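Chains as they are written, first to last, in our numbering: chain A, 1 to 83; chain B, 84 to 166.
No wet-lab data here; the hints were simulated from the structure.
Please read these numbers as outputs of a predicted model, since none were measured by experiment.
Note that CB positions come from ideal geometry on N, CA and C, so glycine has one too.
No false leads were mixed into what you were given.
Sample of chain A residues lacking proximity to chain B, with all beta carbon distances greater than 10 Å (derived): (1) G13; (2) V14; (3) L15; (4) R56; (5) P70; (6) V71; (7) I72; (8) E73; (9) E78; (10) L79.
Not everything, but these chain A residues come out facing chain B in the computed CB check (under 8 Å): (11) V37; (12) K48; (13) S49; (14) K65; (15) L66.
There are 2 protein chains.
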Amino acid sequence: MFKAIIYVTLKEGVLDPQGEAVKKSLHVLNYEGVDEVRIGKFIEVWLKSQDEETARRELEDMSDKLLANPVIEDYRVELMEVV
Amino acid sequence: MFKAIIYVTLKEGVLDPQGEAVKKSLHVLNYEGVDEVRIGKFIEVWLKSQDEETARRELEDMSDKLLANPVIEDYRVELMEVV
Numbered sequence: 001m002f003k004a005i006i007y008v009t010l011k012e013g014v015l016d017p018q019g020e021a022v023k024k025s026l027h028v029l030n031y032e033g034v035d036e037v038r039i040g041k042f043i044e045v046w047l048k049s050q051d052e053e054t055a056r057r058e059l060e061d062m063s064d065k066l067l068a069n070p071v072i073e074d075y076r077v078e079l080m081e082v083v
Numbered sequence: 084m085f086k087a088i089i090y091v092t093l094k095e096g097v098l099d100p101q102g103e104a105v106k107k108s109l110h111v112l113n114y115e116g117v118d119e120v121r122i123g124k125f126i127e128v129w130l131k132s133q134d135e136e137t138a139r140r141e142l143e144d145m146s147d148k149l150l151a152n153p154v155i156e157d158y159r160v161e162l163m164e165v166v
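Throw the hints in and build the complete structure from the sequences for me.
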């Protein structure tokens, strides 16, 4: 069994309206030191796979097809074997 | 200047309907080895603060008030000094 964490972020240069909204709210709450906010997501996946290489290939495949939008998002796969 | 990453996850035991939906979609795409999916978010914050301790306290404060919902979510703050 493997556990993966896929971190998905907006590509640099892509506007992050949700992050902007959070930044403004933080300023309203008097956290004026806040300079920038960017929001990302991560997906934890537990999966059975014959070996680590296959698992990684499947996860990259899933990310390209479903978990991330390759046009505006980057992703990074962290993979570990679990019992 | 500090950069923080706040990782927000649903508490264990809290249902994750978005993760369930992703798991089902992955099964439809023939990734039958997928056992469980949980979705979290992370918030990158760049902020000015007099020292690391103050920055950490402010970030925990922000998380409790705005970034996470302490009733159903846990969070973890990762903090580093940047130039």
